[in-house]
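Starting from the known structure of chain A, fit chains B, C and D with the ligands onto it as the hints suggest.
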Amino acid sequence: MVVAADMRRFVERFAELIEQNADTLTELDAAIGDADHGINMRRGVRAVLERLGDEPTPGAVLKTVATTLISKVGGASGPLYGTAFLRASAAAGSKESLDDADLAALFSAALEGLRQRGGAQAEDKTMIDAFAPAVGAFETALAQGHPRKDALQAARSAAYAGSDATIDLVARKGRASYLGERSRGHRDPGSFSTALLFDAAASTLSGDGP
Amino acid sequence: MVVAADMRRFVERFAELIEQNADTLTELDAAIGDADHGINMRRGVRAVLERLGDEPTPGAVLKTVATTLISKVGGASGPLYGTAFLRASAAAGSKESLDDADLAALFSAALEGLRQRGGAQAEDKTMIDAFAPAVGAFETALAQGHPRKDALQAARSAAYAGSDATIDLVARKGRASYLGERSRGHRDPGSFSTALLFDAAASTLSGDGP
Amino acid sequence: MKKLINTIESFVDEACEGLALAHSDLVQFHREPRYLARATAPKGRKVGLVSGGGSGHEPLHGGFVGSGMLDAACPGEVFTSPVPDQMEAAGRAVSNGGGVLFIVKNYTGDVMNFDLAAELLRADGIDVRTVLVADDVAVQNSTWTAGRRGVGNTVFVEKLAGAVAERGASADEVERVAKKTSEAGRSMGMALTSCTVPAKGSPTFELGELEIEIGVGIHGEPGRERTALVSADEIVDRLARPVMEDLGLKRGDQVIVMTNGMGSTPLIELYVAHRHVAQLLSGSGVTIVRSLVGNYITSLDMDGCSLTVLRADDELLGLWDAPVHTPALRWGA
Amino acid sequence: MKKLINTIESFVDEACEGLALAHSDLVQFHREPRYLARATAPKGRKVGLVSGGGSGHEPLHGGFVGSGMLDAACPGEVFTSPVPDQMEAAGRAVSNGGGVLFIVKNYTGDVMNFDLAAELLRADGIDVRTVLVADDVAVQNSTWTAGRRGVGNTVFVEKLAGAVAERGASADEVERVAKKTSEAGRSMGMALTSCTVPAKGSPTFELGELEIEIGVGIHGEPGRERTALVSADEIVDRLARPVMEDLGLKRGDQVIVMTNGMGSTPLIELYVAHRHVAQLLSGSGVTIVRSLVGNYITSLDMDGCSLTVLRADDELLGLWDAPVHTPALRWGA
Ligand SMILES: Nc1ncnc2c1ncn2[C@@H]1O[C@H](COP(=O)(O)OP(=O)(O)O)[C@@H](O)[C@H]1O
Ligand SMILES: Nc1ncnc2c1ncn2[C@@H]1O[C@H](COP(=O)(O)OP(=O)(O)O)[C@@H](O)[C@H]1O
Ligand SMILES: [Mg+2]
Ligand SMILES: [Mg+2]
Ligand SMILES: [Mg+2]
Ligand SMILES: [Mg+2]
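Chains as they are written, first to last, in my numbering: chain A, 1 to 210; chain B, 1001 to 1210; chain C, 2001 to 2333; chain D, 3001 to 3333.
Keep in mind that a hint or two might mislead.
Derived, one-sided and incomplete: chain D residues facing chain B with beta-carbon distance under 7 Å [stated by the list, open to error]:
#, residue
1, G3076
2, F3079
3, S3081
4, D3085
5, L3116
6, V3139
7, A3146
8, R3149
9, T3196
10, G3201
11, T3204
12, G3208
13, H3219
14, P3222
Listed next, with one range per pair, are the computed distances between beta-carbon atoms [said to hold, decoys possible]:
#, chain 1, residue 1, chain 2, residue 2, range
15, D, D3025, C, D2314, 15 to 25 Å
16, A, S97, C, E2119, 24 to 34 Å
17, C, T2040, A, G53, 37 to 47 Å
18, A, Q20, D, S3231, 21 to 31 Å
19, C, D2321, A, Q20, 27 to 37 Å
20, A, G185, C, D2237, 23 to 33 Å
21, D, D3321, C, G2252, 37 to 47 Å
22, D, A3333, C, S2282, 21 to 31 Å
23, A, A143, C, E2245, 53 to 63 Å
24, D, R3167, B, A1122, 24 to 34 Å
25, D, D3321, C, E2173, 26 to 36 Å
26, C, A2228, A, D164, 28 to 38 Å
No lab work stands behind these hints, which were simulated from the structure alone.
Even glycine gets a Cβ: it sits at the ideal position worked out from N, Cα and C.
Okay, chain A solo, but in the shape it has when bound (with noise of 0.2 Å):
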């Protein structure tokens, strides 16, 4: 079961790997857009760190980053994360305690907020291309019986998957999509930090304690 705790830790851990890739998003950043993903997320992350209190629930740690990410990051990748994790928020509600179906549901509710505010399809080339993947890994991997842990590791990897296939595609959202045919061969800066959120949770929400 994920508690309030376990869900501090993910998004501590989330924030550590944004810290460590920030020069590398931005540098994807330079290359089809404006050289400022990693500067964003982490102005974000470490406000998040700042506000973070002794939320009770998991739905509340949600809630707290949701609202400093929307306040905070700025760009396309603020509202896109807040929003996620606003509908993550919701999903868990108030809730202690999560179990796999819980954490399937909030995933599945991140994704179609950030469909719903981005309006990206699949092979857009935005973070969606390494959302869905991962999501959808989940799911089916919970749903083949595999324990969370599993399933998380397989949303993970199939988060930096869909980041690595990004390279190939001409974008038609977001900043990229000014450069038409030019933006092929780089990756999405969005779906990078998207696979590093998929890597926390595989490493966070396994629910057997840190």
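Below, chains B, C and D with the ligands without anything else, positioned relative to chain A:
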């Protein structure tokens, strides 16, 4: 004797030396001025070559040079060289040919014009520091009975030596004076173009033909 | 990275403070959430004009706050769209019963953040309209992409919508003028050098000693093509032709033109560029009725220029000539 | 060298053409000899104001031709003072029986070329006065040198002398105001990078990645010291303290301030600098009554800034607020 054709050759040789040394003059000016002395002088001598026609007398040649420099060079060097040539032209008057004494008078009138126009004294680190020694050396050599050719060589050497000596001076006139002590250690660009002027004179005004 | 900067974190706030100090009669600075608003609120039920976007494009938008133009501007971090809190607070501050118009450059981030703010304001019963500026012809348009980037025409939209709002026009009317202006303008830019985002500390892109980027975005986004350094006239040709074509300019058309510097371009060079802009347009029988030459929408320290052409009928021209009094644009006042 | 330029030879002429095309209502361009004059001659026996100097400092001087400021400007080659023919022709064109005032930045070349022109005009019976601007405190003053360089205060002298001339004041009166302004202003500048003169094609001086030049001249002349890159606030300290000291500013003094960009400095950075300028002055009990922040006297593509402070009594402040309508400075019109 110096006739109009000699004076034209002098001007052409001066123009040639300026062309060859334009970058050097500009580099010198970059160090303690505004990096345009070579550019200014080149613009001036090119305009002179375009305008020079079939002036009948040495004085007329000098007059064309003077008015062209004044209306084409700008900067400090335009009015300074312009005034020098104008005074030289006045000293030459309408004579068809100039003897040693005429030449000495012409040089000294030019120097006087420079002094009046710019108000600079010896050791102010200006073209005066090449011009005055050159004129002095010319007069001394003639007084000692040396032939004009040798006197011109003496003027040439004195001009280059005078220019060398500006390196150790602190500028008190012109743009370089704004640097105070920091102007020391650099050659004054105008003193070097003046040395080129006497260099050109030495090889063209000796009165023994081209 | 060499800049006049104290810390990366305080950069935008300090610039806003400096602006408000230099123009305290016109603009005041609200720190949390960050926005710049007119020092003196206009009287009556005037439609409130709010714009904003990433910082680094100065004088856009803060330099256009004042009578006859914006009521408030929301500066984001450098090249990062502002957050909804800012537009919400600014919108609330300038809403006077007459409604609020958001002028938004068409970037995904800006659009989403302004949308979130509009949702919040509407929930409180405030009438919020949004006009998108999407004038960069460097980007090939297509319905299934994010559309064109918003660049120089933003200045024109802010001026003309600002003028009609100042006259006390209704929200419908202000929205109409803003949309009409947005549709009547096209732009294209180019870079001689990259810009350097302070937080990144190194140039966004690399250009060779003799390379230029044609169609560059105002955040250093790559453009249509990277090509060899050519003369000012050739550069202007490559900007002006797509702009004129896309706008479908014909003989007899009247235009307002902006030859804009990207931030590090000396004015003397902008005038050299503008000369050929004027030659090209006149050569095509187009009449330039008004011109702006200078830095109006910049990209930090990028060297380069952009061209914006607005087809102006008598209505737009009249609004252009209406008094404006802001830090960066002023006449008739 | 990357510039918006066609040929080195045509550079200045083309920029003048561009200026005149962009502001044909204000300025007309005379090619041979080169000067920019008002498009519409002022009425009556107004004193004609003529300034000029090397090009590369735009908008100075051409951008200040118009009502309430200059009658004509004589642009030399880049960083090279104009030739006497130009000032003679411009002086003749604007002399209307009321006399002519030459506003000359204190550089040997400028002084001598303007002097020659004045001699020629006086020979024709025209009353020519000259005011020298010599405000750069980076240069230690001394009676036996060429004196201080003329920099930012030129903008103030042109504005205030222009305002009083526009009111129809006599040559004596215009000269008095010009001299008074010239004496009441001080400046100092700094460079983050060198400028590149087109004809030379490479930077005038070399600065290391983390070096700056304090007290630089507007032609890239070396300044007081070369030092390590420091914060914007420290840079402003090093400019403002010598300026304030030299001006002998005391509590209660009123000043007009200009935080000026050297050509390639982004406006956002100038505002960061201006913030501290304002803080320092207010902190000393000095009241800033008016401010200019932007590019007013530049050095081609140099990155850096300069500060000009003018002690302004009520007379000068009133003249400052008088209407001005030029390409680069406009209010009340
Ligand atoms: N419409 C969209 N839907 C989903 N993701 C998007 C959309 N637009 C942009 N993104 C994502 O946002 C990322 C860029 O984020 P960021 O650089 O922080 O914002 P900005 O583009 O405003 O600078 C892109 O790499 C992409 O993954
Ligand atoms: N007052 C003066 N008297 C004599 N020579 C001077 C004076 N001022 C400057 N010069 C000379 O002029 C030279 C600079 O010429 P130039 O670079 O063409 O003009 P500017 O200084 O206006 O850029 C100096 O090197 C110096 O020799
Ligand atoms: Mg980005
Ligand atoms: Mg020089
Ligand atoms: Mg961004
Ligand atoms: Mg010079």
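Structure-based check of each hint:
no., hint, in the structure
1, G3076, "5 Å, holds"
2, F3079, "5 Å, holds"
3, S3081, "5 Å, holds"
4, D3085, "5 Å, holds"
5, L3116, "6 Å, holds"
6, V3139, "4 Å, holds"
7, A3146, "5 Å, holds"
8, R3149, "6 Å, holds"
9, T3196, "9 Å, violated"
10, G3201, "10 Å, violated"
11, T3204, "5 Å, holds"
12, G3208, "17 Å, violated"
13, H3219, "4 Å, holds"
14, P3222, "6 Å, holds"
15, D3025(D) / D2314(C): 15 to 25 Å, "18 Å, holds"
16, S97(A) / E2119(C): 24 to 34 Å, "32 Å, holds"
17, T2040(C) / G53(A): 37 to 47 Å, "41 Å, holds"
18, Q20(A) / S3231(D): 21 to 31 Å, "29 Å, holds"
19, D2321(C) / Q20(A): 27 to 37 Å, "56 Å, violated"
20, G185(A) / D2237(C): 23 to 33 Å, "30 Å, holds"
21, D3321(D) / G2252(C): 37 to 47 Å, "42 Å, holds"
22, A3333(D) / S2282(C): 21 to 31 Å, "27 Å, holds"
23, A143(A) / E2245(C): 53 to 63 Å, "55 Å, holds"
24, R3167(D) / A1122(B): 24 to 34 Å, "48 Å, violated"
25, D3321(D) / E2173(C): 26 to 36 Å, "35 Å, holds"
26, A2228(C) / D164(A): 28 to 38 Å, "35 Å, holds"
The structure fails hints 9, 10, 12, 19 and 24 (numbered hints given earlier, in ascending order).
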